[in-house]
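Under this note's numbering, the residue at position 696 of the sequence shown is numbered 702, and the numbers go up by one with no gaps.
If you are wondering where the hints come from, they were derived from the structure by calculation, not from laboratory data. A portion of the hints provided could be inaccurate.
Label-pair restraints from in silico Cβ distances [to be verified]:
(1) Gly-269 / Tyr-390: 44 to 54 Å
(2) Ala-224 / Ala-44: 43 to 53 Å
(3) Glu-867 / Ala-450: 45 to 55 Å
Cβ coordinates follow ideal geometry from the N, Cα and C atoms, glycine included.
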Amino acid sequence: MSLLVFVGVKYVNKLASVFLACVIVSIVSIYVGALVSAFKPPQFPVCMLGNRTISRHEILDDQCGKTMLTQIKDQGEMGDYNTTSNETSTLGPTFDPSLAPPLTEKTTHLWKQFCHGTEINSSCDEYFLSNNFSQIKGIPGLASGVISDNLWSAYLSKGAVVEKASLSSSHVSPPASTQQPYVFADITTSFTLLVGIFFPSVTGIMAGSNRSGDLKDAQRSIPIGTIMAILTTSLVYLSSVVLFGACIDGVLLRDKFGDSVEGNLVVGTLAWPTPWVIVIGSFFSTCGAGLQSLTGAPRLLQAIAKDNIIPFLRVFGHGKANGEPTWALLLTALIAELGILIASLDLVAPILTMFFLMCYLFVNLACGLQTLLRTPNWRPRFSYYHWTLSFLGMTICLALMFISSWYYAIVAMVIAGMIYKYIEYHGAEKEWGDGIRGLSLSAARYALLRLEEGPPHTKNWRPQVLVLLKLDEDAHVKSPRLLTFASQLKAGKGLTIVGTVVSGNFLQNYGEALAAEQTLKHLMDKERVKGFCQCIVAQKPREGISHMIQSSGLGGMKPNTVVMGWPHAWRQSEDPQAWKTFINTVRVTTAAHLALLVPKNISLFPNNSEPCSEGYIDVWWIVHDGGMLMLLPFLLRQHKVWRKCGMRIFTVAQMEDNSIQMKKDLATFLYHLRIEAEVEVVEMHDSDISAYTYERTLMMEQRSQMLRQMRLSKSDREREGHPGSSSSSRTEAGGAARSQRDRWSFDEAQVVKDRNSMLRLTSIGSDDDDDTDGGERERASNAGGNGGGGGEREREGGRGGGRGSTEHHRRVQMTWTKEKSSQYRAAHSGCSTPEGFRDMLSMRPDHSNVRRMHTAVKLNEVIVNKSHDARLVLLNMPGPPRNTDGDENYMEFLEVLTEGLERVLLVRGGGGEVITIYS
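Whole structure, please, built from the sequences with the hints as guidance.
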């Protein structure tokens with residue numbers, strides 16, 4: 007048959023009509039034979055012992071009885087048991103002694119099967135002695151009423167004897183021995199087994215779908231052909247079952263191999279006019295089914311291989327020049343031959359049933375999902391379709407799978423799942439769409455709408471990370487370890503969005519944006535980070551980052567944590583926009599109430615192939631941030647890189663605090679959080695400001711002043727060098743309105759209310775000052791010192807605000823006009839000369855900056871002393887100053903705070919609680 011299919015499908019199509027005609031003739035002969043049996047049943051006897059069926063293969067002398075009467079021709083023949091008598095009754099026929107030779111009673115061959123000898127007085131089986139032999143009609147006919155006996159089920163266990171319940175039998179029924187000539191059941195029968203064996207006979211209904219490429223009008227032919235095939239086969243099979251039950255005795259129906267009738271075809275005996283009609287019809291029916299499978303299956307396999315849906319099947323997509331699937335046909339023939347070599351329909355049928363049911367299950371599932379999801383391209387032509395029919399069919403298929411064989415069903419489902427995941431992992435070159443993707447879209451929409459119903463509870467908080475990466479001129483990521491660090495945080499299973507900003511115009515740089523997005527995707531695949539990419543084109547990077555933070559995510563799946571790198575070598579950088587963008591991003595995340603993670607020295611962080619074998623993750627908990635510092639080490643330790651690291655928590659206490667009680671309270675808090683960590687309270691002593699701190703602050707302010715002078719552009723100098731245009735036109739009445747437009751206003755100097763400035767990290771980044779003994783005058787002078795011209799600003803502020811104003815006791819208002827700017831430049835023009843430079847070097851550092859530097863230096867000394875050997879140090883990140891004039895000082899303070907530490911993670915909370923003691 008494989009050779010015939012290999013020659014060409016057209017020859018198969020020509021033979022199909024011949025095969026179909028033979029099958030139809032066979033079916034008609036069965037119906038005719040059933041009708042004929044009502045008037046003239048065929049002679050088809052079955053031998054019974056009591057109500058037990060006897061195998062005809064063991065009746066060598068054709069005698070269904072215990073003994074028989076034979077004629078004695080010679081006295082020497084008394085011991086000869088090889089006679090040819092045709093008598094079958096137990097007592098034998100009655101002869102006239104005067105007309106016939108003398109008769110003698112002899113035992114039959116069946117006697118030997120149940121007794122220990124051939125003599126009449128031999129010891130025999132108890133059931134054999136208690137019951138007599140009889141013969142019944144195997145095919146009593148349509149009018150016999152045998153259907154009433156066959157209407158109910160009579161399933162047998164393996165090794166049980168086939169019995170007829172309506173026949174009388176002795177009450178003594180010992181277990182039958184397999185050595186005795188009974189008809190035994192070779193397997194345990196049940197409804198599920200019969201379904202598994204019967205089902206492959208009705209699996210040809212989708213043959214048209216498998217050959218859709220060869221049909222002229224597949225949309226019209228497949229529905230009509232499939233429905234007609236279902237109706238025809240259902241009618242034939244159901245009517246055949248009823249006719250067999252009405253014409254054939256139950257013991258013969260349950261005799262699987264026909265042992266009670268010497269292996270003769272039961273259906274062939276019932277058919278009219280000759281059993282050869284069934285033999286020929288069965289042969290051609292088998293050939294037709296085989297040719298159908300060998301024609302449809304290779305084409306289906308070839309289509310799958312050509313679409314490269316399953317990559318390792320790619321070789322079966324090749325064929326002959328006319329498109330015939332040569333290699334697919336060879337594989338199909340090999341599989342069919344393996345089934346033939348198994349030589350057991352009971353073993354092969356359940357396997358075939360599982361995969362056919364799985365096929366129909368997925369067809370019904372696909373149709374039902376497409377209808378429920380209202381897919382626009384799902385437009386079935388069949389008018390009488392409803393999605394409930396698909397789900398009903400799917401449910402029946404699934405039930406039949408487990409009814410037929412639950413272990414085969416599980417194996418089939420596992421194999422189908424493995425194939426699906428394999429396809430999903432490797433992907434297909436041709437995407438035909440699937441219902442699962444549509445279901446995923448609907449589920450995602452539903453989930454997003456549910457997330458919008460209210461804010462997430464603290465116990466459901468997990469880091470939804472937005473990773474900000476920077477690309478160089480060649481579109482390469484500058485700090486790929488940032489993404490590695492984000493992947494190590496992914497134990498929280500949250501959202502990950504990787505974003506970057508491309509400078510320029512969107513219309514002109516769209517190609518660069520696509521290239522940048524592909525670069526990010528490749529890096530994500532390399533680091534095995536599951537998430538999304540986002541690339542924004544903006545004129546300025548800080549604007550692009552701000553837009554990204556505002557617009558990333560969707561609904562409840564918006565990022566709540568931003569990860570960005572520390573501006574490397576920001577002091578030596580020729581472009582000051584790098585660290586200014588960094589500070590602006592800190593301000594944006596603070597305004598958006600997002601958490602911020604800034605890994606410092608990211609190049610020293612371990613990658614995913616360098617697990618830490620020992621060490622600690624140190625947490626310096628100085629300011630409460632909603633629990634971020636507690637949660638992050640826990641998430642990191644879920645990853646294999648940090649799994650073996652311990653956790654230590656340090657907190658800072660003042661001299662008047664009870665350190666012992668603080669340690670107990672913190673340990674209790676960690677216990678309720680179910681976090682294992684070592685706790686240590688560090689006491690910081692008040693000390694005088696060291697010369698190093700004073701010198702470090704002075705260097706910082708001198709550097710800031712120099713940078714301000716160097717950043718004055720030429721246009722600014724020219725504009726500020728002609729103050730007369732505005733001052734000459736001023737009048738006492740109308741000049742105030744014009745000067746109001748020309749003013750350059752600066753933010754007010756901020757006053758700190760931190761009473762523990764030596765210990766509070768927030769004072770490092772604040773513009774505020776402490777309440778000192780110097781009173782308001784000292785605060786005003788300190789605020790003026792921050793601007794670089796303290797005395798002058800105070801005098802100008804006093805004139806601009808009015809005499810005796812009480813408001814200036816709380817703040818210093820610094821308002822400059824162009825006239826004042828010109829006067830200031832004339833007075834300080836020497837700053838560009840060596841003398842002015844020496845004056846700048848002789849300046850005194852601001853008191854508040856000295857205090858902040860002192861706090862950073864002292865805290866850094868403690869951290870380095872305690873955590874110099876830590877694998878990772880987590881610190882609270884102070885907020886940036888409100889006044890942008892102090893941005894350079896803010897960066898310097900952070901440098902001093904983290905100086906001498908190898909790996910640092912600066913953490914800034916988003917303002918909400920992220921950890922709770924409730925699970």
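Those earlier numbered hints the structure runs against, lowest number first: none
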